[in-house]
Amino acid sequence: MSAPILTLTIDGRQVSGLASETVLQVAKENGIAIPTLCFLEGLSATGACRLCMVEIEGSPRLHPACVTPIQEGMTVTTDSKRLFGYRRAIVQLLFSERNHVCAVCVANGHCELQELARAFGIDHIAFPCRHPALEVDASHSRFVLDHNRCVLCTRCVRVCGEIEGAHTWDVKNRGIRIQIVADLDTPWGAAATCTGCGKCVHVCPTGALAEKGKSMAEMRQKRPFLPYLVANRAEERK
Amino acid sequence: MSKLRLATLWLDGCSGCHMSLLDTDERLLELAAQMDIVYSPLVDTKQFPERVDVVCIEGAVSTEEDEARLRLVRQRSGLLIAMGDCAVTGNVPAMRNPLGAEAMLRAVYRESPVLAPQIPIEDLPRLHGHALPLHRFVPVDLFIPGCPPAADTLFAALAALIAGTADGLRLDTRFGA
Chain A
76 MSAPILTLTI DGRQVSGLAS ETVLQVAKEN GIAIPTLCFL EGLSATGACR LCMVEIEGSP
136 RLHPACVTPI QEGMTVTTDS KRLFGYRRAI VQLLFSERNH VCAVCVANGH CELQELARAF
196 GIDHIAFPCR HPALEVDASH SRFVLDHNRC VLCTRCVRVC GEIEGAHTWD VKNRGIRIQI
256 VADLDTPWGA AATCTGCGKC VHVCPTGALA EKGKSMAEMR QKRPFLPYLV ANRAEERK
Chain B
684 MSKLRLATLW LDGCSGCHMS LLDTDERLLE LAAQMDIVYS PLVDTKQFPE RVDVVCIEGA
744 VSTEEDEARL RLVRQRSGLL IAMGDCAVTG NVPAMRNPLG AEAMLRAVYR ESPVLAPQIP
804 IEDLPRLHGH ALPLHRFVPV DLFIPGCPPA ADTLFAALAA LIAGTADGLR LDTRFGA
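Residue numbers (our numbering), protein chains in the order written: chain A, 76 to 313; chain B, 684 to 860.
Be a bit skeptical, because a hint or two may be false.
Covered stretches of chain B (chain A as the covering partner; in silico rule of three or more C-beta atoms under 8 Å from a C-beta of chain A) [stated by the list, open to error]:
hint, region
1, 709-723
2, 777-786
3, 813-819
Computed far set for chain B versus chain A, every beta-carbon distance over 12 Å [said to hold, decoys possible]:
hint, residue
4, Lys729
5, Arg734
6, Arg752
7, Arg759
8, Tyr792
9, Ser795
10, Pro803
11, Pro808
12, Cys830
13, Asp855
14, Thr856
15, Arg857
It should be emphasised that the hints constitute simulated quantities derived from the structure, not laboratory data.
We treat Cβ as the ideally placed atom computed from N, Cα and C, and that holds for glycine.
Can you build the whole structure from these sequences, using the hints too?
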């Protein structure tokens with residue numbers, strides 16, 4: 076039995092979607108672009124980055140579109156001066172939190188954080204940067220994890236658990252001390268569960284995960300593989 | 684109409700942004716027709732003039748001397764442009780920040796295999812603990828990210844300043860461009 080169809084208003088337009096869909100999905104189906112960073116088609120949504128926050132009439136707070144189910148008659152605003160201000164602030168805070176040096180990054184020119192900054196017209200970081208001392212885990216034979224570039228989107232955690240089924244990656248600590256860890260916080264190269272499939276490397280939005288031997292601007296993530304794998308999984312389950 | 688008085692300043696950067704400015708090639712003649720470069724590593728003036736209209740600054744602020752020069756130049760300039768990623772974000776010079784100046788100097792000059800390990804201090808400005816972007820010290824009027832910003836980008840910015848259309852100027856550049 077399929078889910079009932081609901082109608083709602085997004086940015087002044089009457090649209091409809093299945094009750095099982097989120098605001099982000101319905102907006103996308105109707106050609107309304109909402110900025111995202113942690114979201115990736117084919118993986119579960121977590122609402123980690125807060126870039127897809129939208130206004131919903133009658134609610135004083137903002138709602139992450141990627142995890143907000145649509146409701147009959149809801150009125151959604153995906154772009155406003157207030158939202159644009161918050162989104163600009165979020166991207167700048169991500170830059171200020173760790174050491175993002177685009178000029179020497181493996182992902183220069185292929186980075187979603189860098190592209191968001193350009194798209195939002197962010198020409199400097201208004202907040203003081205933290206310059207934390209973070210490690211680079213190069214213990215794996217083929218891949219590198221550079222915590223300096225990590226934005227904690229957890230795409231790697233989700234692709235490893237949900238698609239590869241290995242669940243090598245997870246998150247330790249809370250708040251500003253959060254870090255991605257392999258197995259129970261072991262060096263990546265020593266992680267017994269890692270199959271070396273490289274899916275995490277190719278879903279990373281920045282240069283935090285990269286193939287070894289890649290130099291500045293050479294890391295090109297192959298993201299389109301994901302819908303293909305997800306489609307195959309769906310076939311198998313039938 | 685009097686010509687625009689332009690200065691350029693080189694702080695903690697690699698000079699790549701100045702090279703990019705030179706890469707405007709024959710368009711330098713167009714610029715020269717409408718502005719005078721009154722102070723720059725590219726010209727021979729030794730003292731920063733009392734008054735300039737526009738100053739383009741390359742590099743992060745890494746030493747006491749950098750900071751003093753920046754503050755003086757801010758006072759004497761109408762419009763201050765942060766030219767390139769080092770001036771805008773700290774960029775490569777700021778990669779030492781997690782380590783701190785002392786540890787960085789020790790690692791480079793004492794702990795690596797050299798003949799006579801010593802940290803150079805004579806006639807050199809003292810390093811700040813952190814290399815930081817210009818806007819942490821003085822107000823900046825225009826930010827031009829890029830490492831370096833393309834010659835076309837710098838030319839577009841200067842041409843807009845000459846034409847008086849620099850307000851709300853949106854340049855086609857990005858961090859690391």
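Against the structure, the hints:
Against chain A, the region 709-723 of chain B contributes 0 residues with a C-beta closer than 8 Å to a partner C-beta. That does not satisfy the three-residue criterion, and the hint is violated. By the rule of at least three residues with a Cβ nearer than 8 Å to a Cβ of chain A, the coverage given for the region 777-786 of chain B holds, with 5 such residues. With 4 residues having a beta carbon nearer than 8 Å to a beta carbon of chain A, the region 813-819 of chain B meets the requirement of three or more and the stated coverage holds. Separation of lysine 729 (chain B) from chain A is adequate, the least Cβ-Cβ distance of about 31 Å exceeding the 12 Å criterion.
The Cβ of arginine 734 (chain B) sits about 26 Å from the closest Cβ of chain A, beyond the 12 Å cut-off, so the non-interface label holds. Non-interface call for arginine 752 (chain B) relative to chain A: holds, since the shortest CB-CB distance, roughly 20 Å, exceeds 12 Å. Under the 12 Å C-beta cut-off, the non-interface status given to arginine 759 (chain B) relative to chain A holds; the minimum distance is some 22 Å. Separation of tyrosine 792 (chain B) from chain A is adequate, the least Cβ-Cβ distance of about 20 Å exceeding the 12 Å criterion.
Separation of serine 795 (chain B) from chain A is adequate, the least Cβ-Cβ distance of about 19 Å exceeding the 12 Å criterion. Once the 12 Å rule is applied to beta carbons, proline 803 (chain B) is consistent with being away from chain A; the minimum gap is 24 Å. Annotated as non-interface, proline 808 (chain B) keeps its C-beta farther than 12 Å from every C-beta of chain A; the closest such distance is 21 Å. Listed as outside the interface, cysteine 830 (chain B) is inconsistent with that label: its C-beta sits roughly 4 Å from the nearest C-beta of chain A, within the 12 Å cut-off.
With 12 Å as the threshold on Cβ separation, the claim that aspartate 855 (chain B) sits away from chain A is violated: the shortest Cβ distance comes to roughly 9 Å. Non-interface call for threonine 856 (chain B) relative to chain A: violated, since the shortest CB-CB distance, roughly 8 Å, does not exceed 12 Å. Not every CB of chain A lies more than 12 Å from the CB of arginine 857 (chain B), the least distance being 4 Å, so the non-interface label is violated.
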